[in-house]
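Protein sequences appear in the order of chains H and U. Residue 1 is where the first sequence starts when you use the numbering used here, and the numbers rise one by one after that. Residue 1001 is where the second sequence starts when you use the numbering used here, and the numbers rise one by one after that.
Hints listed in this document are in silico derivations from the structure and should not be mistaken for laboratory results. Note that CB positions come from ideal geometry on N, CA and C, so glycine has one too. Be careful, since some hints might not be right.
Said to hold, decoys possible - Partner residues are not named here, just some residues of chain H that face chain U (Cβ under 8 Å, in silico):
#1 L66
#2 R102
#3 V119
What the hints assert, rightly or not - Derived CB-CB ranges, DEER-like:
#4 N132/H <-> A1051/U: 35 to 41 Å
#5 G1132/U <-> H194/H: 44 to 50 Å
#6 G142/H <-> V1033/U: 25 to 31 Å
#7 S30/H <-> Q1076/U: 54 to 60 Å
#8 V1033/U <-> P183/H: 40 to 46 Å
#9 G1040/U <-> G142/H: 58 to 64 Å
#10 A1167/U <-> G80/H: 41 to 47 Å
#11 G80/H <-> Y1039/U: 42 to 48 Å
#12 L1085/U <-> E126/H: 47 to 53 Å
#13 Y1219/U <-> G142/H: 58 to 64 Å
For reference, the chains in residue letters:
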Amino acid sequence: MWELCIASVVMMGLSDLSAVELKGVFKRYSEIVAVDYVDLSVKAGEIFGLLGPNGSGKSTTLKMLLGLVQPDSGSVNVLGIDVQKDPVAVKQKLGYVPESPRLYEFLTGIEYLDFVGDVYGMQAEEKRSRINEYLRGFQLEGREGDMISSYSEGMKQKIALISAFLHRPKLLILDEPLSGLDPRSARIVKDFLHELKVQGVTTIMSTHVLEIAQALCDRIGIMYRGKLLALGTMDELRQMAKLPDSGLEDIFLKLTGTSDVKAVVEELLK
Amino acid sequence: MNWKNVAHLIRVDRKAGRLVRGQKLTKYRDSRVITYLLYGGALVIGLAVGALVGMFYESSLATDPNLAGSLDETLQSVFLSLPTLVLIYSLVFTMFQQIQRSGVRLSYQAPYWLPITWEEHTLASVLANLFGFPLVSIVFIASAIISLSVFAGQVFSAVSTVLVVCAAAFMASAITEIFRVLQVRFVGAVYKSTGQAAIWVRFIDSLLFFIVFYFVYFYVVYGEGMLRFVEIVVSGQVAVWFVPFM
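One chain only, chain H, in its complex shape (with noise of 0.2 Å):
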């Protein structure tokens, strides 16, 4: 009984802790501000979408995490670590989908996974069948032995997810994870996704896709111009937009300033 009050208080602690810590973060390129003094928290175990229009600063921000890109001021804390200080022991400890992954065309599927399993300091033994696993999951069976030059794009991003989830980390980073996904592989993602946060991965992903934001999120950042511009669950967003029964389309659209699409397709048609 007193095992199982402790655990519980356990869990309830850890859902509290902060697996990423961005504090008064700003990035400016030349003269454009791409992340304007940004303050986010996300939590342990959190799926946690961040959302925005194109050149809103969230490819940015999600580069300072893995600390691809150094802030010009303001502290990015990832799992406990300081990103500026150690980036590579970050890197080590999370799983990450870039927006257009560049992976090596000449190596084979199989090849360029068992790589990132070698990097990940995987066992042989549990890096083969992780590899199988997944290979088997995705429908890759029987392909895995082709250049990845041969590959169609939604196999490649198969791949750069396959690689991201391969080390178990207890944190992931996706930039449009779905993206080039057949219908069944981006239902195994979303699923897999939400296994992965009863296990108490965090998840932080950038979308286009509202729908999968709103389905998949528990909480969603909206990104505008460099600012956090909205952060919450869907119903603290539809109260902050004042969209009582909205989708997030709606809620993102008048959030953002953006909703005069009607008016701009009425233009187009002229």
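Fit chain U to the supplied structure of chain H, relying on the hints for placement.
Below, chain U without anything else, positioned relative to chain H:
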């Protein structure tokens, strides 16, 4: 520096030539036997050639002991010239490899999101450039001169030469790597404004690199710079008069 990462990256980089060669794969993995056969062959042939020359050296001395001085002097000159020779042909070969790769649209930049540092990636790329012909020739030269030095009693000189030869080859590959990085940045900037012309830019700046390198090399070695370079090119063209250059 994680040396395991360097080893993994070298293995990956060595496969970059597949797309250049238009290779179709029939097996999951490359055969290690075939990969190392070339180096093993170079080692055996090098030892054999060294031993043959060593035996010739011994028999020459047996016939005429007065030859000892001139033979040793010749051997020392050969040992001294080898690092420069290796530097030049390693540079030419690794540069040609880069030119060949530049014609194929492929990514051989390490996925930047993996836990690999730029130092590991650069070292792996430099070492990977040496695989193939440069390393085969180094294995051949090293085994030949060490084998020969046993007969000639110049083991210390031979081992020192091997070390300097390795350093020269590494230096050549490092120069190529630096040039490649600069070229990627420069061509990347040019590509945005000129599109396909960037391929020509890459080709022309590679040629310019060679010309500048030869000017500097001949100036340092012979102190004559451009004149010596032009003389060598002309004499080379005269020697191969049957090749229609134009």
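Pairwise beta carbon distance, G80/H to Y1039/U, judged against the given window 42 to 48 Å:
Because 46 Å falls inside the window, the suggested range holds.
Chain U contact restraint for V119/H - C-beta distance below 8 Å:
holds, 5 Å
Whether the CB-CB distance between Y1219/U and G142/H falls inside 58 to 64 Å:
Holds: the Cβ-Cβ distance is about 59 Å, inside 58 to 64 Å.
The hint names L66/H as touching chain U; please verify it with the least Cβ-Cβ distance against 8 Å.
holds, 6 Å
If you check the beta carbons of N132/H and A1051/U, does the distance land in 35 to 41 Å?
Check failed, 50 Å falls outside 35 to 41 Å.
Is 40 to 46 Å respected by the C-beta to C-beta distance linking V1033/U and P183/H?
About 45 Å separates the Cβ atoms of V1033/U and P183/H, which means 40 to 46 Å holds.
If you take the shortest Cβ to Cβ gap from R102/H to chain U, is it below 8 Å?
This interface hint holds because 5 Å falls under the 8 Å limit.
When you take the CB atoms of S30/H and Q1076/U, is the distance between them in 54 to 60 Å?
holds, 59 Å
Using the beta carbons of G142/H and V1033/U, state whether their distance is inside 25 to 31 Å or not.
holds, 27 Å
Can you tell me whether the CB distance of G1040/U to G142/H sits inside 58 to 64 Å?
violated, 35 Å
Whether the CB-CB distance between G1132/U and H194/H falls inside 44 to 50 Å:
Because 48 Å falls inside the window, the suggested range holds.
Taking the Cβ atom of A1167/U and the Cβ atom of G80/H, is their distance within the range 41 to 47 Å?
Since A1167/U and G80/H have Cβ atoms about 43 Å apart, the given range 41 to 47 Å holds.
Checked against the numbered hints given earlier, this structure breaks hints 4 and 9; the rest are met.
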